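Visitor: Whenever a hint applies, use it, and build me the whole structure from the sequences.
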Amino acid sequence: MSLLHIENLKTYYRTSKGLVQAVDGVSIDVRKGEIVGLAGESGCGKTTVLNSIVRVLQKNAEIKGGRIFYNGRNLLELNEKKMQKIRWKEISVIPQSAMDALDPVMRIENQFIMVAKTDERNKPRKKISERAEELFSLVGLNKSRLKEYPHQFSGGMKQRAIIALSLFFAPNMILMDEPVTALDVIVQNQILNYIKKLQHSMDISILIVTHDISVLAKICDHIYIMYGGKIMEVAGTNELFNNPLHPYTIGLQKSFPHLFGSERKLISIPGYPPSLLDPPPGCRFEGRCPFAIPECRRENPQMEKAKDGHYVACYLYQKIGKLREKAFLGVSN
Amino acid sequence: MNFRYFFARTIRFILSLYIVATIAFFILKLAPGSPLTQFINPYFTIKQVEILKRQFGLDKPLYIQYFRYIVSISTLKFGRSCRYKQDVAGLIADRLPNTLLLVVPTLFMTYIVGVFWGMFAAWKRGSRFEHLSILVVLTGRAAPTFWVGMMAMAVLCFKLGWFPSGGMLSPGAQFHSFWSKMFSSDFLSHLVVPLVTYLFYLIGLPFLIMRNSMLENISKDFITMHRFCGLSKRKIISRAARNSMLPVVTVIALGIGYIFEGAPLIETVFSWPGVGLLLVDAVTCRDYPLAQACFLIIAVSILFMNLLADLLYSILDPRISARRRFK
Amino acid sequence: MINKIKSFKKEILEPNLIVLKKDKTALICSIMFIIFILTALFAPLIAPHGPREILISKDGKILSYLRPSFDFLLGTTPLGQDILSQLIYGSRPALVVGICAGLMVATIGTLVGLFSGFYGGRLDNILMWITDIFFGIPFLPLIILLAAYFGASTWNIIIAVGFLLWRDAARPIRSQVLELREREFVQVAEVAGASPFRMIFVHIAPNIFPLSTLYASLSMGWAILTEASVSFLGLGSSTTVSWGYMLHEAFQSQAMGRGAFYWFIPPGICILLLVFSSFAIGRSYEEILIPTLRGE
Chain A
1 MSLLHIENLK TYYRTSKGLV QAVDGVSIDV RKGEIVGLAG ESGCGKTTVL NSIVRVLQKN
61 AEIKGGRIFY NGRNLLELNE KKMQKIRWKE ISVIPQSAMD ALDPVMRIEN QFIMVAKTDE
121 RNKPRKKISE RAEELFSLVG LNKSRLKEYP HQFSGGMKQR AIIALSLFFA PNMILMDEPV
181 TALDVIVQNQ ILNYIKKLQH SMDISILIVT HDISVLAKIC DHIYIMYGGK IMEVAGTNEL
241 FNNPLHPYTI GLQKSFPHLF GSERKLISIP GYPPSLLDPP PGCRFEGRCP FAIPECRREN
301 PQMEKAKDGH YVACYLYQKI GKLREKAFLG VSN
Chain H
334 MNFRYFFART IRFILSLYIV ATIAFFILKL APGSPLTQFI NPYFTIKQVE ILKRQFGLDK
394 PLYIQYFRYI VSISTLKFGR SCRYKQDVAG LIADRLPNTL LLVVPTLFMT YIVGVFWGMF
454 AAWKRGSRFE HLSILVVLTG RAAPTFWVGM MAMAVLCFKL GWFPSGGMLS PGAQFHSFWS
514 KMFSSDFLSH LVVPLVTYLF YLIGLPFLIM RNSMLENISK DFITMHRFCG LSKRKIISRA
574 ARNSMLPVVT VIALGIGYIF EGAPLIETVF SWPGVGLLLV DAVTCRDYPL AQACFLIIAV
634 SILFMNLLAD LLYSILDPRI SARRRFK
Chain S
661 MINKIKSFKK EILEPNLIVL KKDKTALICS IMFIIFILTA LFAPLIAPHG PREILISKDG
721 KILSYLRPSF DFLLGTTPLG QDILSQLIYG SRPALVVGIC AGLMVATIGT LVGLFSGFYG
781 GRLDNILMWI TDIFFGIPFL PLIILLAAYF GASTWNIIIA VGFLLWRDAA RPIRSQVLEL
841 REREFVQVAE VAGASPFRMI FVHIAPNIFP LSTLYASLSM GWAILTEASV SFLGLGSSTT
901 VSWGYMLHEA FQSQAMGRGA FYWFIPPGIC ILLLVFSSFA IGRSYEEILI PTLRGE
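Residue numbers (the numbering used here), protein chains in the order written: chain A, 1 to 333; chain H, 334 to 660; chain S, 661 to 956.
Accuracy of the hints is not assured; some may be wrong.
As the list claims (entries may be wrong) - As a list, the in silico DSSO-like pairs of lysine-lysine whose alpha-carbon atoms are at most 30 Å apart:
id	chain 1	residue 1	chain 2	residue 2
1	A	32	A	123
2	A	126	H	380
3	H	418	A	64
4	S	684	A	17
5	A	117	H	568
6	A	82	A	126
7	H	457	H	492
8	A	85	H	553
9	H	380	H	362
10	H	418	A	81
11	A	17	H	418
12	A	89	H	566
13	H	566	A	59
14	A	147	H	553
15	H	566	A	123
16	H	457	A	82
What the hints contain is simulated information worked out from the structure, not anything from laboratory work.
Fair warning: this is a prediction, and the values are worked out from it, not measured in the lab.
Guide: Below, the structure is given as C-alpha cells:
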C-alpha cells in the first residue's frame, strides 16, 4: 500500500537564460515502512524532487505538472496552510548540508520548542523538553547537550540532532537529502545504522536522495536511478546491484571503488550531464552512452517492465547482459 | 558571559582615552600662536609675560607639561574658561546631560526605525518600495544635516507652526523633577524637529546593513529548514531578522560616532544647549581650554558608548563570547 | 610602455563605461558632475555678477533683501549680493575641496592598506593600530578644533580631512590586498624573483584600483559635506564664498523665519546633488566589485 506516490512530476526553474527543466516527468513510489533511495549525479534534479513534495521551493521554481499523492491526497492541491500541517508532522525533511540547518543563535532545546509550537495543541514546555531528551537519547546524544548552541556540536552530532528534531512529531515519512555526504566513512556507517534502527522501531518510510549509490546499497529496499531530470531505472536493491540494466546504472557501479570484491578498474563515465535548459529530444543519457543507437537520439525511451519490480527506460535493456560483458572486457587497458 | 573579554575590552577603552587626550595635547602644542594670546594685550612687558607663563606652567619642559596635563585630566580638572570665568568642568557637566538627552533618543529611534524599515525592504525585495527607500536613505546621507535642519525648521516650525523653533525647553518653564521635565510635552515638542533631522541623516546605516543582512540570511540553509519545519511566514521572517541583527549591532559603534560628530551641527541649528554648541561657541571665541575640554568629552562619550555596544554584542552573539576575540 | 597604457585603459576604463551605460543613476550623476565641473571652470563667464559684489541701484541704493526677479533670479542677500552668482561661484570651493581631499584620502588610505596588507606582521600591526586610533577620534569636532587653532582656510580643511578620513579606506583596501596576495599571479611573480616594490605596484595595485576609486569618490562627498559644515558654523574661510558660507549667512540672518526660501534652499540642493553624484558614481564601482549588490 503506497504511502507516497509521485506521478509524472515536472518542476521547472525560471532563470534569466530560460526555463530549466530540473524535474521532467518523475514518478516514484514509496510504500509504508520502506526505505527508498534516489540516486543520481549532482544537478540532476534530485533535491528538487524532495522540495517539491513538501513544496518548499525557490522563488523562481514552479511545479508545472504531475501529482503527488500522500495517503491518497494530492499534495499539490493543498493550500499553504494545509501544507504547513503536513510539514514536519507527517513528512519531515533532512536537507542537504544539514550542518547549517540549525539556527545559529538559538539553543538546540529552543529549536525543539519552536518546532513544537507549530502544532495547534500547545504542549507545556516541560513535556517538550522531555520529548527532546527522549529523541536525543534515541540518536545517541547526551541530553545535557540540549542547552548548547549549534556551533558547539561536531558535524556528526549536528546530523544526529537534526534527525532527532525530524522525529519530533513521529512523522510517517522522512525525506533525506545527502544525509551522510559531509561525514567521514566511520561516522557515515554509524548514522546509517541509526537510520535503519529508527526505521524499524518506528515503522517510518524514508526516501533518501544521494549521489553515492553505495550508501543506498546499505539500507534501501528499492533504488531509483535519476539522470537529467528523468528516472532511468528502478529496482530492488539486490536486483539493481546484481543485474543492472541501464547503461548509466552500470557506469555508476563501476565508478565506485569496491573494498572487498574482485579487483576491477575504476571507470568514470566520460562526458558531461546534458543541459536542462534545452534538453535533447531523445534519451538524456545518449551523449555519454557507449551503446547508443540512432533511435536513442530521436525519441526518449519510456519506462518498461523488465521483471517484477524492475523497470528501466532504455531501448537496449534486453541486450544489456551481453553488452555488459563486452564493455567490461573492452575497457581493460 | 566572558569576563576575560569584558576586562580586556575595558582596558582597551581606558587606553584609548589616554591616547586621544595625548593627541589633543599635541595638537594644541602644534598650533601656531601661544595659548596666552587671549590673556595678553600688547602693553604687557616681557616680564609680565614671563610671570604669566610661569603661572600656566608653560616655562617647564614639554614632558612635564604633558605629565601635568594627563594628571589633571584624570582628576577631571579641565581648567578655567576664559569667556565664562568658570571652571570648565562645571560648564560641561551642565551641558553634557542635554546632549545626551538629544543623542540617546535619537540613537534609539534611528536603530528601531532603521531595523524595521530594512527588514520590510528586504521582505519586499525588488519592489518600488525598496527602490524608493534606498533612494531616500542615500539622499539623507548626501544632504548636509544642518541644511535639512534649516528646511525642517522652515516648514515645521515657521510655516506650519507645529513645533518651537529652537532651544531645549521654553524659557521660564518650571518642573518638579528631572523626570517630569523629560517627559513633559514641552521638552518633547522641542525634541521632535532636531530628532527627525538627525534621523534622516543617520538612518541610512542601520537600514542598509539590516537590509543587506536580511537578504543574505533569507537564502541561508537554516531558513529553508524553518520552512521545512512548517513555521509560519511571520515566524520565519522574525528568525531571519534575529539572525540579521548581529551586523547591525556591530555597526552601532559606527552610528554612535556619527551621532556625536553631528552634535555640534544640530545643536547650532536648533540652539540646543549641549556640549556640541558649547564647542562651537568656545572655538568662535577662541576659548581654548573650554574648546579642548568639549572635544575630549565628546571623544570620551563616543569611546564609552562603543564600549557598551561591544559588550552588548558579545552577549547577543553566542559565538563571540565562546571564543576569545582577536583583532 | 604604450601597450601598458592601452591595456590599462582597456581593463579599467571599459568595464566602467559599460557599468555607466547600464546603471542609469550613475549615468545621470556623471552628467550632473560634469555640469558642476563646467560651472566651476566657467563661473566668471556664467555668473551675472561677482560673488561678493554689492549691487547698487541706479539711484545709489543698495539692492538688499530682494526676492527673486527677472534681474536677480535668486534674489539678493541682506548685504546686496546676488545669490545666483554666489551659487555659481560656490561650486569652486566645493569641487576643489572635494577633489583634493578625495585624492588625498584615497592615496594615503591606499598606501597604508597596500603596505599593511602586503608586508603583514609587525608593520601591519603598527599601521592598523594607528588606523584604529584615528577611528577613535571624532571627526567633525576635531576639524572644528583645528579650525580654531590653525585658522580657517580652504587648504587647512583639505589637509585636515585628508589626514583623518583615510582611516575608512585603509582597512577594506588592506583586506583586499591580503586576499590578492594569496592569489596565483602574485605567487608566480614572487617565485620569478620580482621585487616587493614591483609586486605591490605592478601586480597588486591595479587590482585594488577600483576600491581606491570607490573611497576617493566617497571621500569627495564627505569632504564637501565637511567643508560645508565648517563654513556653516562660521569657522570656514570668510573670503571664499562657498555654499556652506551662504547657508551660514542665511542662518545668521534668520532666512527661514523670513521665508527667504530662495536663499537657503538652492545652496543646500547643490551640495546634495554634488555629494549624491560622487556617492552614486562611487557606488557603481562597488557594483563591479560586489556583484551581489546588483539587486537581483
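Visitor: A separate judgement is required for each hint: does it hold in the structure or not?
Guide: Checked hints:
Straight-line distance between C-alpha atoms of residue 32(A) and residue 123(A) comes to about 28 Å, which keeps the hinted pair within the 30 Å bound. Restraint check for residue 126(A) and residue 380(H): not satisfied, since their Cα atoms lie roughly 86 Å apart, outside the 30 Å limit. Straight-line distance between C-alpha atoms of residue 418(H) and residue 64(A) comes to about 83 Å, which puts the hinted pair past the 30 Å bound. At most 30 Å may separate the alpha-carbon atoms for a hinted pair to count; residue 684(S) and residue 17(A) meet this at roughly 23 Å.
Distance check on the hinted pair: residue 117(A) and residue 568(H) sit about 11 Å apart at the alpha-carbon level, within 30 Å; holds. Proposed proximity of residue 82(A) and residue 126(A) is supported: the alpha carbons are some 28 Å apart, at most 30 Å. Annotation: proposed proximity of residue 457(H) to residue 492(H) is violated, straight-line Cα distance about 36 Å (limit 30 Å). Restraint check for residue 85(A) and residue 553(H): the C-alpha separation of about 23 Å stays at or below 30 Å, so the hint holds.
Restraint check for residue 380(H) and residue 362(H): satisfied, since their Cα atoms lie roughly 22 Å apart, inside the 30 Å limit. A threshold of 30 Å between alpha carbons decides the hint, and for residue 418(H) with residue 81(A) the separation of about 73 Å lies outside it, so the pair is violated. A hinted pair counts as satisfied when its Cα atoms are at most 30 Å apart, and residue 17(A) with residue 418(H) does not qualify at roughly 75 Å. Taking the CA atoms of residue 89(A) and residue 566(H), the gap is near 17 Å; set against the 30 Å cutoff, the hint holds.
At roughly 14 Å between alpha-carbon atoms, residue 566(H) and residue 59(A) fall within 30 Å of each other, so this suggested pair holds. Simply put, residue 147(A) and residue 553(H) have alpha-carbon atoms about 23 Å apart, close enough for the 30 Å limit, and the pair holds. For the proposed pair residue 566(H) and residue 123(A), the alpha carbon gap of about 21 Å is at most 30 Å, so the pair holds. Our distance criterion of 30 Å between C-alpha atoms is met by residue 457(H) and residue 82(A), whose separation comes to about 24 Å.
When held up to the earlier numbered hints, the structure conflicts with 2, 3, 7, 10, 11 and fits the remainder.
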